[in-house]
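Peer 1: Sequence:
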Amino acid sequence: MQKELKRRVSLTGDIEFTGLEIKEPMQTAAGFLGVKEALRHSFKEMGIVNSMRSLLEMNQEDGFRCPSCAWPVPEHPSKIAEYCENGAKALADEATREHIGADFFKEHSVEELSRLSDFQLNKLGRVIEPMVLKPDSVHYEPITWQDAFEVISDELHQLKDPNEAIFYTSGRSSNEAAYLYGMFARAFGTNNMPDCSNMCHESSGVALSETLGIGKGSVKLDDLYGAEVILVVGQNPGTNHPRMLSALEKCKKNGGKIISINPLAETGLVNFKNPQSISSMLGNGEPLADIHLPVKINEDVALAKLILKKLVALDAKNSNVLDHEFIVEYVDGYDDLLKDLDQYDAEILQQRSGVYMHKIDKVVELLAENSKIVICWAMGITQHKNAVDCIKEYVNILLLKGAVGKPFAGTCPVRGHSNVQGDRSVGIMHFVNKGLNERIQKHLNFDPPTEKGYDTVEAIEAMHEKKAKVFVCLGGNFLMAASDTKYTAEAIQNCDLTVQISTKLNRSHLVTGKTALLLPTFGRSEKDEKNGELQFLTMESSTGKVRQSKGLLKPASEHIKSEPEIISLLAHTYFRGNHSMHWYELGQDYSLIRKLIDKTVKGFENTSEQSKGFGYYLPNNVRNRDFRMLPNGMAQLSITPLPEHQLKPDELLLMTIRSHDQFNTTIYGLNDRYRGIHNERRVVFMNSADMAEKGLVKLDVVNLHSNYDGIQRTAEKFIVVPYEIPKGNMAAYFPETNMLVPHNHFADKSQTPISKSIKVTVEKVS
375 MQKELKRRVS LTGDIEFTGL EIKEPMQTAA GFLGVKEALR HSFKEMGIVN
425 SMRSLLEMNQ EDGFRCPSCA WPVPEHPSKI AEYCENGAKA LADEATREHI
475 GADFFKEHSV EELSRLSDFQ LNKLGRVIEP MVLKPDSVHY EPITWQDAFE
525 VISDELHQLK DPNEAIFYTS GRSSNEAAYL YGMFARAFGT NNMPDCSNMC
575 HESSGVALSE TLGIGKGSVK LDDLYGAEVI LVVGQNPGTN HPRMLSALEK
625 CKKNGGKIIS INPLAETGLV NFKNPQSISS MLGNGEPLAD IHLPVKINED
675 VALAKLILKK LVALDAKNSN VLDHEFIVEY VDGYDDLLKD LDQYDAEILQ
725 QRSGVYMHKI DKVVELLAEN SKIVICWAMG ITQHKNAVDC IKEYVNILLL
775 KGAVGKPFAG TCPVRGHSNV QGDRSVGIMH FVNKGLNERI QKHLNFDPPT
825 EKGYDTVEAI EAMHEKKAKV FVCLGGNFLM AASDTKYTAE AIQNCDLTVQ
875 ISTKLNRSHL VTGKTALLLP TFGRSEKDEK NGELQFLTME SSTGKVRQSK
925 GLLKPASEHI KSEPEIISLL AHTYFRGNHS MHWYELGQDY SLIRKLIDKT
975 VKGFENTSEQ SKGFGYYLPN NVRNRDFRML PNGMAQLSIT PLPEHQLKPD
1025 ELLLMTIRSH DQFNTTIYGL NDRYRGIHNE RRVVFMNSAD MAEKGLVKLD
1075 VVNLHSNYDG IQRTAEKFIV VPYEIPKGNM AAYFPETNML VPHNHFADKS
1125 QTPISKSIKV TVEKVS
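Under the working numbering, the sequence shown has 1018 at position 644, and the numbering climbs by one with no breaks.
Just so you know, the hints here were simulated from the structure itself, not pulled from any lab data. C-beta: ideal position from N, C-alpha, C; glycine also. Be aware that one or more of the hints could be misleading.
Pairs of lysine to aspartate or glutamate, EDC-like flavour, derived with a Cα cap of 20 Å [said to hold, decoys possible]:
1. Lys-759 to Glu-739
2. Lys-534 to Asp-963
3. Lys-780 to Asp-706
4. Lys-380 to Glu-485
5. Lys-683 to Glu-660
6. Lys-534 to Glu-959
7. Lys-733 to Asp-664
8. Lys-973 to Glu-959
9. Lys-1091 to Asp-388
10. Lys-924 to Glu-983
For each label pair, taking beta carbons as the anchor points, the in silico distance ranges come out as [said to hold, decoys possible]:
11. Gln-532 to Glu-1067: 53 to 59 Å
12. Asn-952 to Asn-1006: 45 to 51 Å
13. Glu-449 to Ser-693: 35 to 41 Å
14. Val-409 to Lys-780: 34 to 40 Å
15. Asn-1077 to Lys-808: 45 to 51 Å
Input sequences plus hints: build the corresponding full structure.
Peer 2: Dropping the structure here:
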């Protein structure tokens, strides 16, 4: 027997500074500079012809869906620019002309590659043939597709219990691929289906399900256009969902007001020059946020309670402030909420929020005078210990105002990856849905497992404890997306087999199980033909609309396969053709998959036809004010406590953030120009007063430490940058600071990592 090598791989790459340049934060988002950067990146990666051809088809009626965020496409999109700068970068990133295959991996070991930064790894290009990393090797080698499927099948057959396998899904996947993947996991015998929702918006799903009866937002895109007030909470749309700025601009031009609630004043909400409008580009742009509330990190509950107290007090003087008719008919818990609010002192709530009272009063005045209110939020709210409570407190505001279930009002959790919501809709879930199980039994003719599976946190712990031995990832960069990087790496390395279905190389392909498979798949923009027939896929947007996506570019290689085909061939190989589902045929004709989705997934109907053009909305009980599934058949007001961080005198609260040159864990470049940071990622944003108290000056180098349960975690070498952030708070980019987040500290009920409120200390090193 050959001796197993201990691979010496780096979790960070060689830590080197890249030449920080600091400029003034920008005051205007998008505009000519945004267009220039989008085209520069596209032309460099794809060439001029492919760039223009594909950009003109992205998000169009008969084109393909943007591979980045899940923001919906309007009914009448711009014919020349229904994409944003970061959408263009995402497209160019997957359609790059840079390719790597067997020769590349023969020359470069995983140990050598792991010393590169995440930015450098991403720049290497598309993987163009299936590869295997054997236990006795540090080099990937080519493997045939059938041999790869046999390796996976053999490992799965050897497991003593189906729950020793874990099937992870990223939000990049299509409905068709996610559905097949989820059904294969169930047919294999496990509900171990963690997904990226567990790391981002699971808190939204829990909070909304418990208060409104559905784990999704209630608004449609047009609702934002006619809203009287929009609250944008814990979100940076200018970088993470730039096409949302167009919707906010329409709201402003229709007379609406926008309130930004965030520790940082983000450029996208300061001023916006719409690239779809010549007059906007040539003019001064559109100021978006009428009021910015720089709330302290994780003090949203205090702020929302104060807003509620003031609304209730105004209503006592003028009973038209709250919607009492709506409350009586549709809402449960009103009297209990009033009693809870009475316990809190307004001045203490204001001090905890860190926001000036006169600014809060302006927001209260707007909310008191208007009822068409939309509240949008993202990970700035969902990744705290009390994330579910944060969301519930904002839902309380909407319910008291009667601002759900009517036009131009409601909830809008803004999802990140382009089909993360669709993945969950079609069955990617670690919990048991009895209705779905019954429909699987009826229409797919097999018995799905009935016990809860692992979510992301539980999956990492199971691998770490060697309870799980096979880890399959449908997309994503699990190692760098998850919390507690070192612990997660140890967990993954305990596996006998890890499988990554991916387009490009990332660190999760280098920190692996004993045997690792790297299976290359299509990008969203690539043409997918089976037996001479052009196939299409479907995705679901943040607002619950399902629509088609058709690629048009030539695939990066003839040796790559689509996600549905990979899953179908794996299942066909595993079951040896002996199963009630016709796996092979499903991978050759995606309309067959959609027929099964229509039969088994609630809300999907005639999807192949209805998803044409700009698609169709899935049912949403909140839009109809139907709360029958909730206690007493009513929407639920919530009683929430204030968070208690119990910071030590030398501790600060750190939140992880994205730069403008990244999407999720994918790093496109080294510039965060909206915040004035150029050519560097290892920076930490600090309040000047905190810097002075700790004896720090601009450009000092520090290590960041977190200490939970007696375990110290360290992120090394960050350059201190003074910034307008509340005292006691700091910010730094992820995934570089994910290693500070303890795997066993997470949001109550949702188990989402506490990445937006990490207790840290700062150590000066030079």
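Peer 1: For each hint, tell me whether it holds in the structure or not.
Peer 2: Evaluated hints:
1. Lys-759 to Glu-739: violated (30 Å)
2. Lys-534 to Asp-963: Roughly 34 Å between the alpha carbons, so the hint for Lys-534 and Asp-963 is violated.
3. Lys-780 to Asp-706: OK: Lys-780 and Asp-706 at ~18 Å, within 20 Å.
4. Lys-380 to Glu-485: Holds - the C-alpha atoms of Glu-485 and Lys-380 are around 10 Å apart, at most 20 Å.
5. Lys-683 to Glu-660: violated (32 Å)
6. Lys-534 to Glu-959: Not OK: Lys-534 and Glu-959 at ~29 Å, beyond 20 Å, violated.
7. Lys-733 to Asp-664: holds (11 Å)
8. Lys-973 to Glu-959: holds (17 Å)
9. Lys-1091 to Asp-388: Given pair Lys-1091, Asp-388 holds - Cα atoms ~11 Å apart, limit 20 Å.
10. Lys-924 to Glu-983: It holds: about 14 Å lies between the C-alpha atoms, which stays within 20 Å.
11. Gln-532 to Glu-1067: 53 to 59 Å: holds (58 Å)
12. Asn-952 to Asn-1006: 45 to 51 Å: holds (49 Å)
13. Glu-449 to Ser-693: 35 to 41 Å: holds (38 Å)
14. Val-409 to Lys-780: 34 to 40 Å: holds (37 Å)
15. Asn-1077 to Lys-808: 45 to 51 Å: For Lys-808 against Asn-1077, whose Cβ atoms are near 49 Å apart, the range 45 to 51 Å holds.
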